[in-house]
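Both chains come to you apart, so use the hints to assemble them.
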Amino acid sequence: MIQNPFSYTAPDSIAEAFSLLSKSGSEVFTGDQAFIGNTKTGHARPSTVVSLRNIPGLNSIIQHGDQLIIGSSVSFSAMLADAAIGSVPVLVEALRAIKDPHLKNHSNVGGALYHRSTSHGPLLAALLSLDASVSLSDPWGDKNITLENYLTAGSGQGEIIKSVTLTINRTAAGSFRHIDYLKVGEIVCGAAVVLATKGETISKISVAACGCVSIPVRLRNLENSLTGVKVSRENIEAALHELPTDELTLSNVNISNPSYLFHLLKVLIKRAVLKS
Amino acid sequence: MKLSNHVNGHFCTSEIEGRTLLITYLREHLALTGTKEGCSSASCGACTVLVSGKATKSCQVLAIETEAQEIQTIEGLATADGLHPLQNAFWENFAVQNGFSTPGTIMAMMELLNENTAPSDAEIKERLSGNLSRESGYEQVVASVKAAAAKMKGAEVAGGISSNGKYIGSSVKTRDTEKLITGEGKFIADMELPGMLHAAILQSPVAHAIIKGVDTSEAEAMPGVVRVFTAKDTTGIMPMPVIWIPPFTESHFLPHPSGIVPGSHTVFATDRVRFAGDQLAAVVAETRQQAYDALSKIRVDYEALPVVLDAEEASQPGAPQLHETAPNNIMIHTIFGDSEATEKAIAESEVVVEQKIYNQRMMHNTLEVRGALAKYDPATQDYTLWANTQIPYPHRLLISLYVLGIPYNKLRVIVPFMGESNGCKGNLYPDTPLVLWMAKELGRPVKWVDTRAGFARNTAQSRDQIQYVKIAGTAEGKLTALSCVAFSNVGAYPVINAPGQPLPLIGRSIPGAYVIPHASYEVNVVYTNKVPTAPMRGSGRAEAIFLIERAIEMFARKIGKDPAEVRRMNMVQSDQFPYENGLGWTYDSGNYENTLDIALEKAGYATLEAQKAEARARGKLLGLGIGSYVAVAGVGNSGKMGGEGLMSGTWGSAYIHIAPSGEVAITTGAQPHGQSQQTTFAQIAAEELQIPMEYVTIKHSDTANPLYYGQASYGSRSLSVEGVAVQKACQMMVKKAREFAAYLFKMPVDLIEYKEGKVVGTPAPEQAVMTLQQVALMLWFGWDLPEGMDPGLEGSAYFDPKNFNFPFGTHIAVVEIDEETCEIDLVRYIAVDDFGTVVNPEVVNGQTYGNIVLGIGQALAEEVKYSPETGQVLSDDLDSYMVPRSGWFPKVELYRTETPSPSNSLGAKGAGDVSNPPVAPAMVNAICDALSEFDVRHIDMPVTPEKIWEILQQQNSPVEL
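One line per chain: the protein sequences are A and H, in this order.
Numbering (full-length UniProt numbering) for the first sequence: 1 to 276.
Numbering (full-length UniProt numbering) for the second sequence: 1 to 961.
Calculated directly from the structure, the hints in this document are not laboratory data.
As the structure is a prediction and not an experimental result, all values here were calculated from the model.
Derived DSS-like pairs (lysine-lysine); straight-line CA-CA distance at most 25 Å:
| no. | chain 1 | residue 1 | chain 2 | residue 2 |
| --- | --- | --- | --- | --- |
| 1 | A | K198 | A | K230 |
| 2 | A | K23 | A | K40 |
| 3 | A | K183 | H | K947 |
| 4 | H | K612 | H | K558 |
| 5 | A | K183 | H | K865 |
| 6 | H | K146 | A | K183 |
| 7 | H | K891 | A | K183 |
| 8 | A | K40 | H | K297 |
| 9 | A | K198 | A | K270 |
| 10 | A | K40 | H | K54 |
| 11 | A | K183 | H | K54 |
| 12 | H | K166 | H | K758 |
| 13 | H | K620 | A | K183 |
| 14 | H | K620 | A | K270 |
| 15 | A | K270 | H | K947 |
| 16 | H | K620 | A | K275 |
| 17 | H | K410 | H | K440 |
| 18 | H | K470 | H | K558 |
| 19 | A | K40 | H | K865 |
| 20 | H | K478 | H | K561 |
| 21 | H | K2 | A | K23 |
| 22 | H | K179 | H | K146 |
| 23 | H | K699 | H | K166 |
| 24 | A | K204 | A | K270 |
| 25 | H | K470 | H | K561 |
| 26 | A | K40 | H | K2 |
| 27 | H | K640 | H | K802 |
What follows is a list of derived Cβ distance ranges for each label pair:
| no. | chain 1 | residue 1 | chain 2 | residue 2 | range |
| --- | --- | --- | --- | --- | --- |
| 28 | H | A155 | A | G141 | 55 to 65 Å |
| 29 | A | T152 | H | S296 | 28 to 38 Å |
| 30 | A | R170 | H | A617 | 27 to 37 Å |
| 31 | H | E218 | A | S225 | 54 to 64 Å |
| 32 | H | E933 | A | K183 | 23 to 33 Å |
| 33 | H | N116 | A | K275 | 22 to 32 Å |
| 34 | H | E933 | A | S203 | 35 to 45 Å |
Yeah, the Cβ is synthetic: ideal placement off N, Cα and C, and Gly gets one too.
If we strip away everything but chain H, and leave its shape as in the complex, we get (with noise of 0.2 Å):
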């Protein structure tokens, strides 16, 4: 049937069916890839246009319900006059991150203002409430919506983002944003390729199952299929690898053919599932929805096998077993520290508490699912993949090495603008060498790109550990000794680098920021039948820091004393650095004390008595959590990584050219979702070549670039490792530029300084003076060059750190719950950080605020739900996936101090996740100082008003209307 409207003030017409989403017509029919398909159900905002001016989910809309209609979608926000003061405004408040939901977000906020000229804090976050966030949070969009409103009534707006007049620590403005806030930025589900298939892929219905086969023929038989896929066409590709193998005790892995590393699961499943998103078979067909309509005509006979969802419980005599080579589901048993020394403290000390904690099972749930678009060309017999994955270079050595067995140099891995990946997007997945292999098979390129409900079966989760644990000291509030006792629910297969997270990330880091004498912490990492975890935001650290936050308080509530003085009295001060904490960490510097100093008098602690009165007459129960942390950051140096069991380097490395047109192009092993490293590398680059920023670029994403040698972004590694890599590089240059002045000038170099983008003779500096672009296109002529110098002003620098380093600080939550539903309101909440150096302010805040969000969401609401009986997932969109929305958020306070790293020349410690494992031990904390009048000690997240109230209830405490 025929549709037209206008779009953009465009009169557009298309055939389309009567089942065309409105979504499907502007991406696909008007080429319109701006506007993105998040959740698929009308929850994310993502796909928000306008039409008839109305903000519309488009996902949720028919295409033909718009006849006739106009409807506006970021493409036609811009003018020829420029961008929209929205954008503009976006893009000057930092509200940019990886750019996906930015779209989305925009157009919600365009009907706003075209209604409200003058919004209020209040109303642009209750309008907020059909987009969400999962990277940004929404300070930067409020303040962004605020700043348009006002340039639109034609009010001068005050430049708030201050400058230091140098590049370090300057908020300076993002680079690709302006591409992201008009909808040009390509993620993988906007690329097209001539002659693109696409790809569905068929999950299994259950977890736990022996497959007794797969009928494919009716689905061969449906309309532009090309072919159905099963695991007897792939049995030439070999299972995913693991990479993490810790040489200080036995591992459990699968086999893998290589005899070099241990393996995971393969492609398709063949006998047997284990987990809910265990893949059966692969659809290509014509379009996406001709894949998904032929995926669902697949049957698929099996019997189903009992699961085992707990980790505890897997790990007993008679649970189901998962894997031959594992035993009792044991993937790993260790312990870190020493444990009879720690349990002889325990049981000499005054005071001892002990708590069974468990950390949920979280879902990333990025609004971007995952996706991957390969072609092979028979002539020079190349791959490309194009993959949202934040390890671009491990991909190409791991699939091209482990799992195809095709040649190193013969793929080329690129990756387009990127969701959000709060860590899911760090492995590598079966699906992706999958539809590499597809694509050689076919003969043409192929493209996947998952659904929500698939998303929510086949892409790790995380966290998912219970503790035992126990804290003892004096009774004066002096801490003796720490020991946990873990079970960490990996799922049903490792990913590539599963004994990371729960060892050394969570088992070295239990003593937070704090002298402990004595800690020990034995963790059994046990198979289920869950989706295998993988790291996320905070990863490791956040089990950690939850586990000693919650034992403190829990220890000094026991003692009747101040939880913050027995904190103030444990922690590591300031002289004592470098500190080692005992379980493998050495902690490089810090003021943990400041941090809560600052902290506690922001939140008003001396008057906590009075504001819990206040509030208490107001019927409600107030109460403030603490939150202090160090986390381990900047992965990290690579004998230490090795000693840990990761198969890889975790060195920084930094590609340069200088152009002889003086242009700078830097060729990074990060990879940018969101952090800006195309930005603040290029501060740290203008800023060591003393060159305006403009003459810099900064190239990532693509394993063609000019580095041979890259690593990824994870872990808060990015600015203090691979930033660092890049100022080495930089310094090379000018040592270069020196020594070949000094040949020049005829001077010993000692005498030769680079300023302002200059080599200058001291001697003589009116004559002797050249300008870095002088020196690079003399370097390229190569006419006159000294003994062992080479042309070009070029080359490689690598940074692997001594040591790790140590963010911290200190975040305060103030809740309170209403006496009668149990609810919970976020009054404040302030966080005092410490990140050493700080490149860009801004850009850190965006980072921190996302933290923030994400932590509070694990302590409220977050927890992936499966079912019992069958083991599949049930929490599958993000109706039914809980996640605090925009209006229900006070103003979040952030405030910094800066202590240097000395682990590197920049100073500089990693932020990127670090500020996520204080967030749900201080909301947790405030919630049971809030209850602490009802003598409740602890509960586990998430923590519901309906666990509030049923807790009450059992201890004789009821809830009365």
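Looking at chain A on its own, in the form it has when it is part of the complex (with noise of 0.2 Å):
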């Protein structure tokens, strides 16, 4: 049951969901899953609902070359199901992390985007590792960031995000690792790894964390310490051990110790970069 009474609306047009939305009290809906789940248990109180559902454009993936542009509206298991998604390892292991057919199907990218739920965290922690762009929709037009900043800054009253941007980089391979103790579908900590190399030597690396923060982080300083490493267990164990514990707040509602959760993290790391 949904405690709060709230009027619900699906615009035929951005434009129109922009008019509904200006109005006080009002919250975009993607159909995400997450969104019933926060207005059931009164995180989310909205007075107007403005669903995306019937406005075009927002449920495709599109592949301009090595640039995919998925549509905020684009399921988890659509994105599975998709040739060019399957093209990107770290982001088909972040998809395939989710076990539960109800979320892969009614969890979007959207959603993510908005929600930032725990099932969201290895998506968002993919797409940050490949340095994803995230297209936002306003009355006074589109403006992209990065998904980095969107993490951090959030969206605006009244804008729509209507995809998110990535490069298909086919020198680079990823991994997307994570720890689902006993699957209960409560991803307490995942890192996203996506590096390039020369010969044996890391030329480029990005790395992102997820269930162990609140929200999905790059970890910048680490991956300047692997930069121009060559791959090894040893190499990766040694970088891993100069991380500085302070560096992120970690925590998760299944664990209490955070410093299980950074030696997790480390270990997640270490296996993804080795993977890769």
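And the structure:
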């Protein structure tokens, strides 16, 4: 049951959606099931829900060369079924970390960006590691910002997320590793890694964490310390040993000891790098 | 706003609100109640349907978002040609027990089969991740999906379930299952009566407080509200009774106006609340949504009091006192065995191991929450109560006599289809008589169905015992003594049978399968501000077997001997039965060493060291853990149970009637809730009467059925007590038929044989023969009866066993712990059990799988969390209360031996919950074995990777990258 009554509307155009969202108390609804959970718990108490389900152009995956544009209404399961997505291992592994078919069918890119629940963490981490950008639209036009900046700043009132864009780097490898203890569907820690090598040396690496942090985050300092390093278990472990304990605020509702979370994160990063 | 879509191929349209969830639209607007609401947070999967072919948890989707889409529910699966192959497969492979989770599981698997026509076990288990089972495990579901996939591809599915040509011992397809796999079976939340109102009950915001006022004015003005009730309206309702009063020790309960039984809490708290589920008010409205909308408007003015949540702390001077009648919050203090002699034996022993063990608090967390529907007929003054309870007959007695003070013969209790209980639905809760009383006050039927959050706070929880254990013996491994001093956390109020679990079920069971010359168990049963505790699957025996199996394991390691050998040398031998265990149980029969040997052989125990080395090379620490058990079952001898303090009989009963048509109807006092008594009892009857099973109907779940005296189902008693009553009832009929035939055939009764459903005069078998149906017809006519014989072929039978029965076995868990992350994987699980004579093997397999899944959950994940400041329950949904999912479990291997019980004529031993006790100790023993090189002696449950990591850090064996 949802205690808080609200009115619901599903406009046919983005312009109409802007108009509705300009009213106080209205919230955008991408169709992601996390929003329903938030209304049930009272974390979201909209007076009007503006559904994007009828707005054209938000439910497709388009490839322009190496650019992949994923519409904000595209579900996790639709992404997994897409051949272009299938060529990006870190993305595929992140999506496959979500086992519940309902979550795969009713979670989407826009929902991940708006709600950032634990089940969205793997996708966000993978997109962060891919240097994805977010296309936002408001009544005054469109803008693109990096996903990293978006996760810090959020979206403004009345803004609609249209898509996420990433570049497929065919010379790079990637992997997503995670801990889902007892496969209950709670990812307590996850690490997404994308790296390119010259010979056996890392020429470029991006690392993103999820699950153990409130919002998925890039680990820039670690990336710097791993760049130029020869890929080996010893080198990776040495770099991870140097990761400052206070760089991140680690927490997860199922784990009470942040030191353990920190340890898990390092293990997962190591495994993701070595797998890649 | 208007919603239009297609549901099960039909165009549907309805006026809904924006906030209307898809599940509400399906169940309330379209009356498609096959889709069930379990957790309400998209965790359990009970509400799964297909929306445009996609698995969708309908509790987490707005109905309006399905505009113009195709929805398929369980009701839409079967066609005019019959059931879908998947439905049939679930039925044929015994994947359905109580059936509450079945529709959601089937629909989730439909999506899989539509995408993948030949899924592997791993793929099926992964897809099942969205669906929880709390009663059946996943093995039979996996088998069902594979069978359905094969059938859908046109393959002939070989019959995997064999029959022995007789009814007893054959896996006969279960009855009533068709209603569950089609969604037709009505559970309490599905029921509608004309003019029905809906209730919502307000619980306390904190665990311990003085209530200064409850303002219902805003709630009363809300739309649809009929009335709001508080304590001032219910002064005529008596407190809940307590019906277990140990005669051998002093108990401290609450007063009860009857003067006959002690009391517990009232339907509404008056001036003080003592736990987070204490009830404060009830709203009754036209719809459930309106009732809960209004509930949120009630304002409670309270002054918080200090809380005490730990049983040991609560028993100390200075702790907050919960009840004036219970100094130091002690409900009961007693000792089983001779503690002085035991301590002396311990002091004199060569080797002593001491350990504090915490058997953590668990939540039954059944997928179906509790509910009640009540109706009062002013014309006849009859009350009718529908409730998902496993004790309908006790409900009738206790509510009429001790709570509402209404005539016993005016109250009828009916149990509709019922989800699993795990023991929590074996209590009388204040909400139930409240609903009945409100129905009378308002003159309209009233239905109350709890929420998941409400269930977490008001439905009994379980386990929660602190144990100080000492085990002693010789350096060669012979046990000499065992003692336990325990603190049982019974929560804020006693449930109706509060002393049962912490007293005899634990206290008399702690020696387990072993000969221990001196044993004693001292227990303090303590009140705290937690939710009251009641039995949970494995109740009492789980705490006892965990204690002894951990203790014997630690003892073996201390003396440097093989834990299997130490068990073997101390086990009760097969020539020692009947065996008195020194604490009050007399074990009936067994061969404990045999099940141990089988389990060890299946687990490859001889190659354990090689297995460990191989795992280590992969970065895994491998461990093997043994859990041997013997568990009291078949409650029980009424005199003995009375001696323990239970104010109830515990006999079994059956009423049998053979119609002139030859049809047999048997009413049982058992209460099926997934154990398939309606099938197994028909098997017993068919075998005894030697007639086709199709002629036998088993009636149950209604106190208006022709069985005036009935009991309930709990504690693995149904088959070995109630089932024997069924057998006795059939034997009565055969006896009367033979006596009648003797009269008609003019032969001595010794010459009348009963064979293949006929009475036969052996001197003239061709002429002197009548079928059972003919006998019934003639007796119904009553034209010519022998002196003293009444017409009709009917009667009641009772069975009061002279002793309990004692199933036994050995389980083995093989785990691997990741050296880096400390995650635990279960590599193998082997269960060797002996339930005596087994009537339906596949039914029993299902019970065993469910027991194992629950035990593993306890060992690794489940624990109720409370706020230390307010005492509020924090784990109030299935996301915050972790339960392992299907994708994590390996294939569970089941084996059985069969040692008949002399306690009953079937030779049956209990099976419903007894294979739960060995599971948690097998798991923890395995984990400690894996960590043995780090000198890890014990880890309290739930054993999590985090705990393992912390222990290794502390022991200077840090887990490095």
